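Model the full structure from these sequences, guided by the hints.
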Amino acid sequence: MGKTIDIIKKTRGVPDSVKENMKAFNKIKRQILKSLETEEKTVPQIAQEIDLPLDVVTYHLMTLQKYGNIEAGEVDDMDEFYFYKLKK
Amino acid sequence: MSKSEEYDVLVIGAGISGEEAALNLANQGYKILIVEKDLSVGGKMIHLSKVFPTLDCSACITTPKVSETARHPNITIYTYSEVSNIDKKSKYDFRALLTKHPRYVIEEACTGCQLCEEACPVTVQDQYQYDLVGRKAVYVPFSIANPRVAAIDIENCSLCGACEKVCPADCIDFTQEEEEIQIKVKSVVIATGFKLFDPTLIPRYGFGVFKNVVTAMQMERQLVPTRPYNNVLRPKDGKVPDNIAYVLCAGSRDETVGNPICSQVCCMYSIKQAQLLMGALPMADVTIYYLHIRSFGKGFNEFYQQSKDMGVTFIKGKIGKIEEIEEGNLKLRYEDIESGVVKEANHDMVVLSTGILANDGISSMFKDKLELDPFNYVMQKDILANPAQANIGGVYVAGTASGPMDIPDSILSAGAASAEIAGYLKEGEDHEK
Ligand SMILES: Cc1cc2nc3c(=O)[nH]c(=O)nc-3n(C[C@H](O)[C@H](O)[C@H](O)COP(=O)(O)OP(=O)(O)OC[C@H]3O[C@@H](n4cnc5c(N)ncnc54)[C@H](O)[C@@H]3O)c2cc1C
Ligand code: SF4
Ligand code: SF4
Chain Y
17 MGKTIDIIKK
27 TRGVPDSVKE
37 NMKAFNKIKR
47 QILKSLETEE
57 KTVPQIAQEI
67 DLPLDVVTYH
77 LMTLQKYGNI
87 EAGEVDDMDE
97 FYFYKLKK
Chain D
-7 MSKSEEYDVL
3 VIGAGISGEE
13 AALNLANQGY
23 KILIVEKDLS
33 VGGKMIHLSK
43 VFPTLDCSAC
53 ITTPKVSETA
63 RHPNITIYTY
73 SEVSNIDKKS
83 KYDFRALLTK
93 HPRYVIEEAC
103 TGCQLCEEAC
113 PVTVQDQYQY
123 DLVGRKAVYV
133 PFSIANPRVA
143 AIDIENCSLC
153 GACEKVCPAD
163 CIDFTQEEEE
173 IQIKVKSVVI
183 ATGFKLFDPT
193 LIPRYGFGVF
203 KNVVTAMQME
213 RQLVPTRPYN
223 NVLRPKDGKV
233 PDNIAYVLCA
243 GSRDETVGNP
253 ICSQVCCMYS
263 IKQAQLLMGA
273 LPMADVTIYY
283 LHIRSFGKGF
293 NEFYQQSKDM
303 GVTFIKGKIG
313 KIEEIEEGNL
323 KLRYEDIESG
333 VVKEANHDMV
343 VLSTGILAND
353 GISSMFKDKL
363 ELDPFNYVMQ
373 KDILANPAQA
383 NIGGVYVAGT
393 ASGPMDIPDS
403 ILSAGAASAE
413 IAGYLKEGED
423 HEK
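Residue numbers (the working numbering), protein chains in the order written: chain Y, 17 to 104; chain D, -7 to 425.
Calculated from the structure, these hints are not laboratory results.
None of these values were measured; they are calculated from a predicted model.
Just to be clear, a hint being listed does not mean it is correct.
[Said to hold, decoys possible] Derived DSSO-like pairs (lysine-lysine); straight-line CA-CA distance at most 30 Å:
hint, chain 1, residue 1, chain 2, residue 2
1, D, LYS29, Y, LYS25
2, D, LYS29, Y, LYS26
3, Y, LYS19, D, LYS(-5)
4, Y, LYS19, D, LYS157
5, D, LYS157, Y, LYS103
6, D, LYS29, Y, LYS19
Below is the structure:
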């Protein structure tokens, strides 16, 4: 089959909200992955480093875990927060 | 000219009730058409963790039934489809219009390899994980979906074409359009199930604002092996919770939110989740705030007692307000019903046991007036003699489309519907002879 994407593009546009959401996700993804390059970290540690709300970091981190970019390691000494690391 | 197809029975909805009714009738030789509006069959049950009171794994029970339904030679399934204009021309002659929405993926060719997902740059909230994580704009709905094939969420697609480039089976097809099929059947089963109460309608519970207030369905997802996180964690900060509260009757038995009736399953699924949480998080305290515990079914009271023996705390209390305090913890203000005193308690996660409601838009599928009960469930015309019969002759109801009920009762209700339909169809056959 030829490329059908070119056909739909003739009749459909891409809403700004889709473009903005894509940009935002990819920006946070880069920030989280960069933050984990040096060592494994917990959600609060990453949030503090990249200066984003905790719940935003949790959502994106868990999504990256689902996509196979990162994985969970051990839980901290207080059994409260897991450390997350880049998946090799 | 649109296509036309003919079957004995149209089953609307492919949850456990629709599957059960379809299988019973298909096994008697009737030709069945199942129309499911979602991308996969399985209804709510396919997303549950374990089931009360036996604690059997929900997916393990439901997936064989899903496969049996999907493979049955007498059953045809259209997913991501809807029916409208159901018109009774005469006895044993219903006409309807089926609309099949485009997936932009050739179903028969997709292998479910998920390479398209890897390539897709768009992430939006995953509705099958109840928004706890993201998914791509092209996605296989969930790991045990049936059919396990991809679909494109065109509203969120950036039209980058990456999926089409990488698909090894060449099955991305952006030229797909809505397809209409004219249907002729002798009988109809409504098995459209229920919808969940929207907890933002009770702002004092803080759902959506306080991230550590979650719904019971979100907790179900956290308790399954295909969970959104690596363990049961707080959505706010990924902390392992150790003091979890359940608020029962959230949106049930409450005139102020327009749902005065009991949802029948929330007490028991909360007790089930409490037991599962004690297994998943052995150090956690679980407290259930309730108005009454309705443990009326077979083995239910023993299950309730078992949770007390395991250490679950039960407080007869009416929750006034939930507030967020330091570190994302939550303060519950409640009236202790036994003493009449207003008390406060702190927890680090709150689960709202949200009620179940009738689905919208069921009667508008029919040209004749389909009668509903005062709570918008399908009216059972003669609940004692023919419990599955709706007010339109030849139209039957199965499972939670007729009212809140659990899985065993949904299966029994679907059994009743299939028995009544078999009798109805047999009468027609005898008449023809
Ligand atoms: C959090 C939670 C936990 C639960 N735990 C348990 C438990 O442990 N044990 C237990 O016994 N019960 C439990 N239940 C109850 C259980 O989920 C229901 O009893 C069961 O799912 C009812 O099945 P159903 O087929 O009637 O409805 P549903 O599961 O709602 O299925 C209905 C199907 O119809 C489809 N549909 C809807 N409208 C249309 C339309 N217009 N056209 C085409 N298709 C349509 C839907 O997409 C869906 O696939 C729980 C419920 C909740 C909310
Ligand atoms: S659409 Fe193509 S790439 Fe995506 S899951 Fe199906 S076969 Fe794989
Ligand atoms: S075309 Fe759409 S669905 Fe396909 S990869 Fe691009 S954004 Fe994702």
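Hint check results:
no.	hint	result
1	D:LYS29 x Y:LYS25	27 Å, holds
2	D:LYS29 x Y:LYS26	28 Å, holds
3	Y:LYS19 x D:LYS(-5)	27 Å, holds
4	Y:LYS19 x D:LYS157	8 Å, holds
5	D:LYS157 x Y:LYS103	26 Å, holds
6	D:LYS29 x Y:LYS19	28 Å, holds
Hint check: no violations occur; every hint is consistent with the structure.
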